[in-house]
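*Asks:* Each chain, letter by letter, is given below.
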Amino acid sequence: MGLEFSKKSIDKIKETLSKYPEKEASLLPILHIAQEQFSFISQDVIELVALTLDINSSRVKEVATFYTMYNKKSVGKYHIQLCKNISCSLRGSSQIKEQLEKILNIKVGETTSDGKFTLNTVECLGACGTAPVMQINDKYYESLTPENLKAIIDSLN
Amino acid sequence: MKTEKILTKYSHIKDYHKIDTYIKYDGYKSIQKVFELGQKEVIDTLIASQLRGRGGAGFSTGMKWSFIVNKPFPRYLAINADEGEPGTFKDRSIMRNSPHLLLEGIIVACLTLEIEIAYIYIRGEFVEEANILEKAIEEARVKGFIGKDVAKSGKKVEIWVHRGAGAYVCGEETALINSIEGKKGQPRLKPPFPAEVGIFGKPTIVNNVETIANVPYILMNGAQKFLEIGIPKNGGTRLIGISGHVNQPGIYELPMGFSFKESIYSVAGGVLNGKKLKAVIPGGSSTPVLLPEEIENLTLDFDSIQGAGSMMGSGGIIVISEGTCMVKTLLTLEEFYAHESCGQCTPCREGVPWIRDIVERIEFGHGKERDLDKILSICDNMMGNTICALADAAAMPAKSFIQKFKSEFEDHIKMKKCPFNLKN
Numbered sequence: 001m002g003l004e005f006s007k008k009s010i011d012k013i014k015e016t017l018s019k020y021p022e023k024e025a026s027l028l029p030i031l032h033i034a035q036e037q038f039s040f041i042s043q044d045v046i047e048l049v050a051l052t053l054d055i056n057s058s059r060v061k062e063v064a065t066f067y068t069m070y071n072k073k074s075v076g077k078y079h080i081q082l083c084k085n086i087s088c089s090l091r092g093s094s095q096i097k098e099q100l101e102k103i104l105n106i107k108v109g110e111t112t113s114d115g116k117f118t119l120n121t122v123e124c125l126g127a128c129g130t131a132p133v134m135q136i137n138d139k140y141y142e143s144l145t146p147e148n149l150k151a152i153i154d155s156l157n
Numbered sequence: 158m159k160t161e162k163i164l165t166k167y168s169h170i171k172d173y174h175k176i177d178t179y180i181k182y183d184g185y186k187s188i189q190k191v192f193e194l195g196q197k198e199v200i201d202t203l204i205a206s207q208l209r210g211r212g213g214a215g216f217s218t219g220m221k222w223s224f225i226v227n228k229p230f231p232r233y234l235a236i237n238a239d240e241g242e243p244g245t246f247k248d249r250s251i252m253r254n255s256p257h258l259l260l261e262g263i264i265v266a267c268l269t270l271e272i273e274i275a276y277i278y279i280r281g282e283f284v285e286e287a288n289i290l291e292k293a294i295e296e297a298r299v300k301g302f303i304g305k306d307v308a309k310s311g312k313k314v315e316i317w318v319h320r321g322a323g324a325y326v327c328g329e330e331t332a333l334i335n336s337i338e339g340k341k342g343q344p345r346l347k348p349p350f351p352a353e354v355g356i357f358g359k360p361t362i363v364n365n366v367e368t369i370a371n372v373p374y375i376l377m378n379g380a381q382k383f384l385e386i387g388i389p390k391n392g393g394t395r396l397i398g399i400s401g402h403v404n405q406p407g408i409y410e411l412p413m414g415f416s417f418k419e420s421i422y423s424v425a426g427g428v429l430n431g432k433k434l435k436a437v438i439p440g441g442s443s444t445p446v447l448l449p450e451e452i453e454n455l456t457l458d459f460d461s462i463q464g465a466g467s468m469m470g471s472g473g474i475i476v477i478s479e480g481t482c483m484v485k486t487l488l489t490l491e492e493f494y495a496h497e498s499c500g501q502c503t504p505c506r507e508g509v510p511w512i513r514d515i516v517e518r519i520e521f522g523h524g525k526e527r528d529l530d531k532i533l534s535i536c537d538n539m540m541g542n543t544i545c546a547l548a549d550a551a552a553m554p555a556k557s558f559i560q561k562f563k564s565e566f567e568d569h570i571k572m573k574k575c576p577f578n579l580k581n
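Heads up: the sequence lines are chains A and B, in that order.
Quick note on numbering: the working numbering labels position 78 of the first sequence as 78, and the sequence is numbered without any gaps.
Each number in the working numbering comes from the position in the second sequence (counting from 1) with 157 added on.
A few of these clues could be false.
Claimed, not checked - SDA-like mimics (lysine to any residue), calculated; alpha carbons at most 20 Å apart, straight line: (1) K72(A) / K116(A); (2) K72(A) / K107(A); (3) K12(A) / I289(B); (4) K313(B) / Q196(B); (5) K77(A) / I55(A); (6) K228(B) / K186(B); (7) K139(A) / Q196(B); (8) K340(B) / K116(A); (9) K162(B) / M377(B); (10) K340(B) / D54(A); (11) K359(B) / K107(A); (12) K563(B) / L448(B); (13) K61(A) / Q196(B); (14) K340(B) / E62(A); (15) K61(A) / N288(B); (16) K73(A) / K8(A); (17) K8(A) / K162(B); (18) K305(B) / T121(A); (19) K72(A) / H32(A); (20) K19(A) / V226(B); (21) K162(B) / K313(B); (22) K23(A) / L448(B); (23) K12(A) / E295(B); (24) K116(A) / S155(A); (25) K433(B) / S416(B); (26) K19(A) / E198(B); (27) K340(B) / E47(A).
For the record, the hints were derived by calculation from the structure and aren't laboratory data.
Just so it is clear, the structure is predicted and the values come from calculations on it, not from any experiment.
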């Protein structure tokens, strides 16, 4: 294994632990911190988090696999998550999906060969008033149109 | 009807999310009010205001608070900011535009109920909103509203932001509690209710963001003034989120009892592209769909929408115009619920994906005549037979879509294709 948390992550973990009377409550936040550093939650990361909290790794794994935001496999530098639920689909998210697939030359669930973009669809991002919506890493991009979509991707490329 | 705004009165003002501006517009005044009134009178005022939970269930907030007053310490407050029901995006607007209004309500709740720690459980995707809240908490700490000595009263209140990680079911209060404890977000059996056994096994109140943001106004203006906005038993305003096929989708603060039709045709600018209205989902994706004639005389409040056989729920209105395939729309919804079922109860874990599969085969021309009865029977076997309401949330749209658009489902089955999809 040999994975270690960075100094920055360790500081954040310490701060997180101080917010809860029971340390296991820090599991979700620590998995977020781990994902920020390692980009996805591998078995090695699960072991590291288990060691940090002094809990069984199966406890960490059941939580990491229950919640969809913890990536189970590596993602590109820009993780595009396009909402496909009702308000977005009523406002044309499937056209946005087709266009993204065309621009990036990948299908949903895939990563570009240069490792830059991963494209996924997600269930409701909670920004229905500005549909269609996508999230790239932490940032929301709202009121998408074929025109502004291309500009957004170009700005990252 | 009085149309005063409670939650968005100042939200258009520049820098309202910053504490100095917020204080300038009467912010944080209700904290002093708690000390003046004391616990009993604060709770009595809330009960008298008939404030009902804005998360979906519509339970009396004052009653909920009263359940915890004789319970042992420590007690916890959890704020439900896990906004995840498709069509719902109101709490996000409060957190983005008026984070201090939320914090003020939380501090009032904590001081009233002798709670020292509050967790804001925010959906994991809302990273920007979580950062806004963190910043606001820091500002309030510097001003002495949060910390070991709130407003020099000797009372301690801490507020922590706890990010979820992408699980709709965590919006259910006991799943939310499990998730704060670092567990899988699976709902618990009730009773015991959170007021008895909540976070870390301690008495806990769980309130929605919009609910708690109403509290400062009620304390400052009294129950009567709150009740005067809206209609009897349904006081105050609602943040109505209108999305889908309208010209001006968005969040609008409207008094309870406002005309449903007007909210679509006047407030949200009417149906997109001048089309005719086909259907409306009135309160988030789980609430039974309504036909245009059913909203004719409807008003935006709990009782009126319930009278029409649906629910006000989270206040998220989804507008669907003519030319939209209702089978495909239902498929979109069932894909969501099948994805979000936590897997704990068999009727939901097996039933919802089963419904999704059947709707999918109908949409793609492989439906059989008996499929509609099959879906309805699966719905009946799910509803009321699970720990939480997710199974019901998946069953209600399925039942109401089939009931109200039956011929459209039958056309798919007869024609062996989707009549709306010209490609197949």
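*Asks:* Each hint needs a verdict: does it hold in this structure or not?
*Replies:* Here's how the hints hold up against the structure:
no.	hint	in the structure
1	K72(A) / K116(A)	holds (17 Å)
2	K72(A) / K107(A)	holds (18 Å)
3	K12(A) / I289(B)	holds (18 Å)
4	K313(B) / Q196(B)	holds (16 Å)
5	K77(A) / I55(A)	violated (31 Å)
6	K228(B) / K186(B)	violated (28 Å)
7	K139(A) / Q196(B)	violated (41 Å)
8	K340(B) / K116(A)	violated (33 Å)
9	K162(B) / M377(B)	holds (14 Å)
10	K340(B) / D54(A)	holds (15 Å)
11	K359(B) / K107(A)	violated (47 Å)
12	K563(B) / L448(B)	holds (13 Å)
13	K61(A) / Q196(B)	violated (43 Å)
14	K340(B) / E62(A)	holds (8 Å)
15	K61(A) / N288(B)	violated (27 Å)
16	K73(A) / K8(A)	violated (23 Å)
17	K8(A) / K162(B)	violated (44 Å)
18	K305(B) / T121(A)	violated (44 Å)
19	K72(A) / H32(A)	holds (13 Å)
20	K19(A) / V226(B)	violated (24 Å)
21	K162(B) / K313(B)	violated (31 Å)
22	K23(A) / L448(B)	violated (51 Å)
23	K12(A) / E295(B)	holds (16 Å)
24	K116(A) / S155(A)	holds (13 Å)
25	K433(B) / S416(B)	holds (18 Å)
26	K19(A) / E198(B)	violated (31 Å)
27	K340(B) / E47(A)	holds (17 Å)
Checked against the numbered hints given earlier, the structure breaks hints 5, 6, 7, 8, 11, 13, 15, 16, 17, 18, 20, 21, 22 and 26 and satisfies all the rest.
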